[in-house]
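The task is simple: from the sequences and hints, build the whole structure.
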Amino acid sequence: MRKLLIATRNKGKQREIDSLLSPLGIKTLSLNDIPPIPDIKEDGLSFIDNAIKKAQETSKLTGYICLADDSGLVVDALNGRPGIYSARFAGNNATDEANNQKLLDLMEGIEEKNRTARFVCAIAISHHNGKMVYVEGVCEGKIDTRMRGDRGFGYDPLFVPDGFEQSFAQLSNRDKQLISHRGKALEKAVPLIQGFIMGEYDD
Numbered sequence: 003m004r005k006l007l008i009a010t011r012n013k014g015k016q017r018e019i020d021s022l023l024s025p026l027g028i029k030t031l032s033l034n035d036i037p038p039i040p041d042i043k044e045d046g047l048s049f050i051d052n053a054i055k056k057a058q059e060t061s062k063l064t065g066y067i068c069l070a071d072d073s074g075l076v077v078d079a080l081n082g083r084p085g086i087y088s089a090r091f092a093g094n095n096a097t098d099e100a101n102n103q104k105l106l107d108l109m110e111g112i113e114e115k116n117r118t119a120r121f122v123c124a125i126a127i128s129h130h131n132g133k134m135v136y137v138e139g140v141c142e143g144k145i146d147t148r149m150r151g152d153r154g155f156g157y158d159p160l161f162v163p164d165g166f167e168q169s170f171a172q173l174s175n176r177d178k179q180l181i182s183h184r185g186k187a188l189e190k191a192v193p194l195i196q197g198f199i200m201g202e203y204d205d
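For the sequence shown, position 198 (counting from the first letter as 1) is numbered 200 according to the numbering used here, and the numbering increases by one without interruption.
Keep in mind that the hints are not guaranteed to be accurate.
Calculated lysine-lysine pairs in the DSBU-like style (CA-CA distance at most 30 Å, straight line) [unchecked claim]: (1) 15 <-> 43; (2) 115 <-> 144; (3) 104 <-> 15; (4) 5 <-> 133; (5) 29 <-> 133; (6) 43 <-> 5; (7) 43 <-> 13; (8) 186 <-> 13; (9) 186 <-> 104; (10) 29 <-> 13; (11) 133 <-> 43.
Simulated restraints on C-beta separations [to be verified]: (12) 42 <-> 113: 37 to 45 Å; (13) 37 <-> 180: 29 to 37 Å; (14) 164 <-> 87: 17 to 25 Å; (15) 176 <-> 112: 27 to 35 Å; (16) 27 <-> 164: 28 to 36 Å.
Keep in mind the hints are simulated off the structure, nothing from the lab. If you're wondering where the values come from, they're calculated on a predicted model, not measured in any experiment. Heads up, the beta-carbon is just placed ideally off N, CA and C, and yes, glycines get one too.
Okay, here's the thing in structure tokens:
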């Protein structure tokens, strides 16, 4: 069985991706499962830029077919912030709690109709021979006035997807996967991943 390396050390992100790919018989690994490699600087100007760079460089360093994603929260009232800086919104090595609290502080007093936001996920899949493809998924919603729920990770306790009253952190994994930005991107990526696993990009 050929293996797919997910270029992350984030266990929550790995669980989400693995739960979607394991029923397809695809064996996944994360950066926690292989010998250490140098950190790859995410210095792109977009989610797609960062995903492509992570996938290509990780694949070259390890020899694995590699999937990398760059995901983040885009808030209209904050002119698109935190965007590509979502993971380090409150500073380098910021915790989820610190990032969420900073977002709440910045959104204080903003009316519900102006609290619109979206999660964006860009996924790139790269072969160590240089072949690469990418896709993107988006989930629209709004920012809540308080954190709710204990599932998920990142900004999930503050993000309420359109058509729901619960936050991402209150939804079941199954319900979240059906509507999430990562779920939508992975749905597009699955046939491409299968092509890589089946050797269609080996030449």
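Evaluated hints:
Restraint check for residue 15 and residue 43: satisfied, since their Cα atoms lie roughly 19 Å apart, inside the 30 Å limit. Of the supplied pair hints, the one linking residue 115 and residue 144 holds, its CA atoms being roughly 9 Å apart against a limit of 30 Å. Between residue 104 and residue 15 the CA atoms are separated by roughly 22 Å; this keeps the pair inside 30 Å, and the hint holds. Note on residue 5 and residue 133: the hinted pairing holds, with a Cα-Cα distance of about 16 Å set against a maximum of 30 Å.
For the given pair, residue 29 sits about 20 Å from residue 133 by alpha-carbon distance, which is consistent with the 30 Å threshold. Straight-line distance between C-alpha atoms of residue 43 and residue 5 comes to about 24 Å, which keeps the hinted pair within the 30 Å bound. Annotation: proposed proximity of residue 43 to residue 13 holds, straight-line Cα distance about 20 Å (limit 30 Å). Under the criterion of a C-alpha separation no larger than 30 Å, the hint pairing residue 186 with residue 13 is consistent with the structure, at around 20 Å.
Between residue 186 and residue 104 the alpha-carbon distance is near 27 Å, which keeps this suggested pair within the 30 Å criterion. Of the pairs offered as hints, the one joining residue 29 and residue 13 holds, with about 16 Å between alpha carbons and a cut-off of 30 Å not exceeded. Taken as a hint, the residue 133 and residue 43 pair is honoured in the structure, with Cα atoms around 21 Å apart against an allowance of 30 Å. For residue 42 and residue 113, the Cβ-Cβ distance of about 40 Å falls inside the hinted range of 37 to 45 Å, so the restraint holds.
Roughly 36 Å separates the CB atoms of residue 37 and residue 180, a value that falls within the hinted 29 to 37 Å. The hint said 17 to 25 Å for the Cβ distance between residue 164 and residue 87, and at roughly 24 Å that hint holds. Distance hint for residue 176 and residue 112: a CB-CB separation of about 32 Å, consistent with the stated range 27 to 35 Å. In this structure the supplied range 28 to 36 Å holds for residue 27 paired with residue 164, their Cβ-Cβ distance being about 33 Å.
The structure shown violates none of the earlier numbered hints.
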